[in-house]
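J.: For reference, the chains in residue letters:
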Amino acid sequence: MSKKQNKLEALNLDAYYGDFHALKGINIAMEEKAVTAFIGPSGCGKSTFLRTFNRMNDYIDGFRVEGQILLDGKDIYQKEVRVDELRKEVGMVFQKPNPFPKSIFENVVYGLKIQGIKKKSVLEEAAEQSLRNAALWEEVKDKLDKSALALSGGQQQRLCIARALAISPSVLLMDEPASALDPISTAKIEELIYELKNDYTIVIVTHNMQQAGRVSDYTAFFYMGELVEFNKTKTMFTSPKDERTQNYITGRFG
Amino acid sequence: MTNSDINRLKDKAFQVFGVFCTFIGLVVLGIFLIDIIIEGVQRLNWDFLVNLPSRRASRAGILTAWVGTLWILVLTTIIAFPLGVAAGVYLEEYGKKNKMANFLEINIANLAGVPSIIYGLLGLEIFVRQMRLGGSLLAGALTLSLLILPIIIVTTREAIKAVPRSIRDGSFALGASKWQTVWHQVLPASFGGILTGIILALSRAVGEAAPLIVIGALAYVPFTPSTPLDEFTVLPIQIFNWTSRPQEAFLTNAAAAIIVLLVITFLLNGIAVYLRNKQQRKVRW
Amino acid sequence: MPHIDIELERLKTKLLEMWDLVEYQLQAGREAMMTADAELAKQVIKRDRKVNQFDVKIDRMCENFFALFTPVAVDLRLVLAVLKINANLERIGDTAEGIARFAQKLDEPLDQELLETTKVVPMYEAALAMFTDCRIAFKNNDPVLAKEVIKSDKVLNKIYRKSDSIVTKYMQKNPEKIGDALALLSIIKKLERVGDQVTNIAEEVIFYREAKVIKHRSDKKKKKSSGKDKGKEV
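Quick mapping for you: the protein sequence lines, in order, are chains D, U and Y.
Residue numbers are given in this note's numbering: position 81 of the first sequence equals residue 81, and the series is strictly consecutive.
Residue numbers are given in this note's numbering: position 281 of the second sequence equals residue 281, and the series is strictly consecutive.
Residue numbers are given in this note's numbering: position 15 of the third sequence equals residue 15, and the series is strictly consecutive.
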């Protein structure tokens with residue numbers, strides 16, 4: 001088997017909220033079509049780091065980064081990079097399901113519509129494909145024109161995943177995608193992640209250690225803005241190198 | 001008596017006091033309404049609505065007044081709606097959160113509290129004299145627009161603020177620009193709130209007499225205005241005019257006109273409440 | 001299929017592969033013993049390294065599975081069972097290697113009379129049958145078959161109990177073949193151990209399917225509760 005390419009990389013990345021040094025000299029390389037989990041206690045910078053990959057932090061006043069974030073080897077913080085183009089390539093799913101207060105169909109095709117795609121047949125095909133990929137099609141195919149807010153939490157989250165898939169990104173960022181869901185919905189999302197990694201590079205932030213174990217190929221442990229340890233999830237969960245990692249994953253922290 | 005008994009008594013006492021206070025307002029308002037209705041209702045008929053004003057109370061009607069009010073309403077909406085919403089969107093979505101923004105925010109809040117007569121004086125100087133609009137509908141609408149702009153801006157901002165951050169994040173994450181996010185997500189989601197604010201602001205504008213008197217709206221207009229540059233009168237001015245007459249019959253006319261004015265404002269408020277409820281049902285985050 | 005099931009299936013497949021290998025080792029060991037084929041015996045001994053590799057690999061897989069999936073209930077019992085079955089298979093593999101070592105030292109095939117009187121061939125057959133049945137029981141999640149396997153251990157024990165006196169008699173009669181006889185006695189002992197280990201494996205299969213612990217029960221109780229006789233006591 002040939003070695004997979006590095007999809008996302010961070011080189012000497014520092015990030016600041018005003019005076020607060022949120023990320024300190026992060027170096028990491030994430031493999032293509034694999035799931036990488038970010039774990040660590042609250043406030044360790046893992047979400048901030050996740051959001052640098054699609055520059056969601058740009059809207060936060062006083063936020064700045066130093067160093068490089070490479071997507072397919074290209075620095076996404078260069079001036080000539082257009083944020084909307086970047087986000088077509090790097091999709092994101094949030095902690096709380098956040099469907100738009102529109103119909104299911106409108107939710108899925110939103111990303112395409114704002115790109116100026118208007119042809120109904122194209123939109124319909126994309127909607128079906130994305131909903132199928134998000135394992136939601138069977139449940140919603142008869143009510144595409146119904147409000148997305150009428151779906152259950154788990155369905156809403158899968159809708160949000162479908163919405164992200166519709167603009168065919170190559171990377172999916174997931175910020176605790178199952179933390180607001182019940183166990184059954186969580187299991188569905190995890191299965192979905194497992195399926196999706198055949199086609200997408202996935203980075204997931206999670207507070208749930210078991211979840212990181214179940215879904216990820218690689219795990220990165222963050223603590224106080226530093227990347228403490230990054231390794232195969234198997235290795236990380238059976239024989240972590242760093243004492244802090246060991247304490248965290250065994251629940252003996254602090 | 002134990003401590004908890006005393007507390008319970010205090011609790012009860014405050015409840016009674018609260019009910020009393022609530023009722024004072026309602027009772028006064030009720031008495032006023034009943035009084036007006038008793039006095040004015042027999043004067044209300046079709047003729048009253050379609051007659052021109054007259055020096056004889058029994059032949060006087062409010063046609064010019066309510067047509068003027070309608071004109072003012074429409075013109076004010078056309079002027080104040082886009083300005084106010086645009087300003088609100090800018091301040092909430094685009095403006096950087098710095099000292100300048102704070103300064104603007106405080107001053108807009110202050111403007112909402114400035115007495116309406118001051119706006120009248122402002123309108124008199126700028127619109128009537130500098131822009132030579134005279135005592136026209138346009139001058140009146142512009143003046144009232146100034147009066148309600150702060151209200152619209154503040155309510156627009158509140159409505160926009162109520163749209164959760166997650167909706168914006170979702171839109172941005174799909175590659176939408178700021179404008180696309182505002183246009184496709186924020187405005188539709190906050191539209192009910194914005195509309196409510198505008199209608200409430202308009203229902204305030206409808207009742208204003210002072211600023212319009214200052215800019216020179218007339219009490220007696222023997223024709224209905226047909227262009228924005230015509231002279232005009234409005235219901236509150238008509239009412240003010242009638243109540244200042246010595247004849248008893250004109251007071252009855254005033255009461256009837258008040259009923260019409262109240263119906264218009266209640267109607268506007270009713271629409272506002274309806275829209276707000278509809279919005280709340282539709283969008284639940 | 002859910003992710004966890006895929007991983008469990010991989011674990012089971014790996015274990016069954018090891019099972020096949022050990023079965024082959026046992027068969028080859030018998031062949032070497034019967035024919036005194038030193039070359040074949042050498043191969044068996046060499047191949048035991050592969051069995052050990054399987055042992056390490058499956059241990060590692062189980063460790064990862066515990067760490068990544070934190071299994072509960074039937075999943076937990078399966079992985080625990082796999083872990084223990086793996087250990088037993090490894091030791092059966094060692095036994096096959098041990099038999100091969102004896103076979104390697106034989107100069108000529110064992111005396112037919114000795115083979116017949118000790119019933120070592122039927123014993124070997126019985127042990128192999130137990131071993132393959134147990135594999136089927138595990139593969140098909142069949143606790144009933146596993147209980148049958150446990151019962152059939154009795155045959156092995158019977159042959160084993162009689163073997164001492166038979167071999168003693170034989171040695172008295174044929175003092176020049178004491179070496180061969182002792183070797184055969186060791187093989188019989190080893191086969192008896194194989195029977196015990198297969199019994200352990202069968203117990204794990206029952207534990208995994210029915211969540212019942214049946215090892216270390218006294219015979220009486222066993223008869224009462226499950227009507228099964230293990231006959232492990234010697």
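Calculated from the structure, these hints are not laboratory results.
Treat the hints loosely; a few may be bogus.
[To be verified] Straight-line Cα separation of at most 20 Å, EDC-like style, residue types lysine to aspartate or glutamate; simulated pairs:
no., chain 1, residue 1, chain 2, residue 2
1, D, Lys234, Y, Glu9
2, U, Lys178, D, Glu191
3, Y, Lys151, Y, Glu176
4, Y, Lys215, Y, Asp107
5, D, Lys232, Y, Glu7
6, Y, Lys46, Y, Glu63
7, Y, Lys158, Y, Glu125
8, D, Lys232, Y, Glu125
9, U, Lys178, D, Asp84
10, D, Lys234, Y, Glu39
11, D, Lys197, D, Asp72
12, U, Lys97, D, Glu85
13, D, Lys96, D, Glu191
14, D, Lys118, D, Asp72
15, D, Lys197, Y, Asp133
16, D, Lys33, Y, Glu125
17, D, Lys234, Y, Asp133
18, D, Lys102, U, Glu231
J.: Starting from Lys197 of chain D, check that the Cα of Asp133 of chain Y is at most 20 Å away, please.
T.: Violated, at about 40 Å.
J.: Hint check: Lys215 of chain Y vs Asp107 of chain Y, CA-CA at most 20 Å. Holds or violated?
T.: violated (41 Å)
J.: Next pair to validate is Lys118 of chain D with Asp72 of chain D; report whether the Cα-Cα distance is within 20 Å.
T.: violated (30 Å)
J.: Hey, Lys46 of chain Y versus Glu63 of chain Y, does the alpha-carbon distance stay inside 20 Å?
T.: Given that 20 Å is the threshold and the Cα spacing comes to 27 Å, the pair is violated.
J.: CA of Lys197 of chain D to CA of Asp72 of chain D, is that 20 Å or under?
T.: Holds: Lys197 of chain D and Asp72 of chain D sit about 17 Å apart, inside 20 Å.
J.: Take the C-alpha atoms of Lys158 of chain Y and Glu125 of chain Y, compute the straight-line distance between them, and say whether it is at most 20 Å.
T.: holds (14 Å)
J.: Compare the distance between the alpha carbons of Lys234 of chain D and Asp133 of chain Y with 20 Å, and conclude whether the hinted pair is satisfied.
T.: violated (34 Å)
J.: Given the proposed pairing of Lys178 of chain U with Glu191 of chain D, does the C-alpha separation stay at or below 20 Å?
T.: Violated, at roughly 34 Å.
J.: Below or equal to 20 Å on CA atoms is what counts here, so check Lys234 of chain D against Glu39 of chain Y.
T.: violated (41 Å)
J.: Take the C-alpha atoms of Lys33 of chain D and Glu125 of chain Y, compute the straight-line distance between them, and say whether it is at most 20 Å.
T.: violated (51 Å)
J.: Tell me if the straight-line CA distance from Lys96 of chain D to Glu191 of chain D falls inside 20 Å.
T.: holds (18 Å)
J.: Given the hinted pair Lys234 of chain D and Glu9 of chain Y, is their alpha-carbon gap at most 20 Å?
T.: holds (18 Å)
Comparing the model with each numbered hint stated earlier shows that hints 2, 3, 4, 6, 8, 10, 12, 14, 15, 16, 17 and 18 do not hold.
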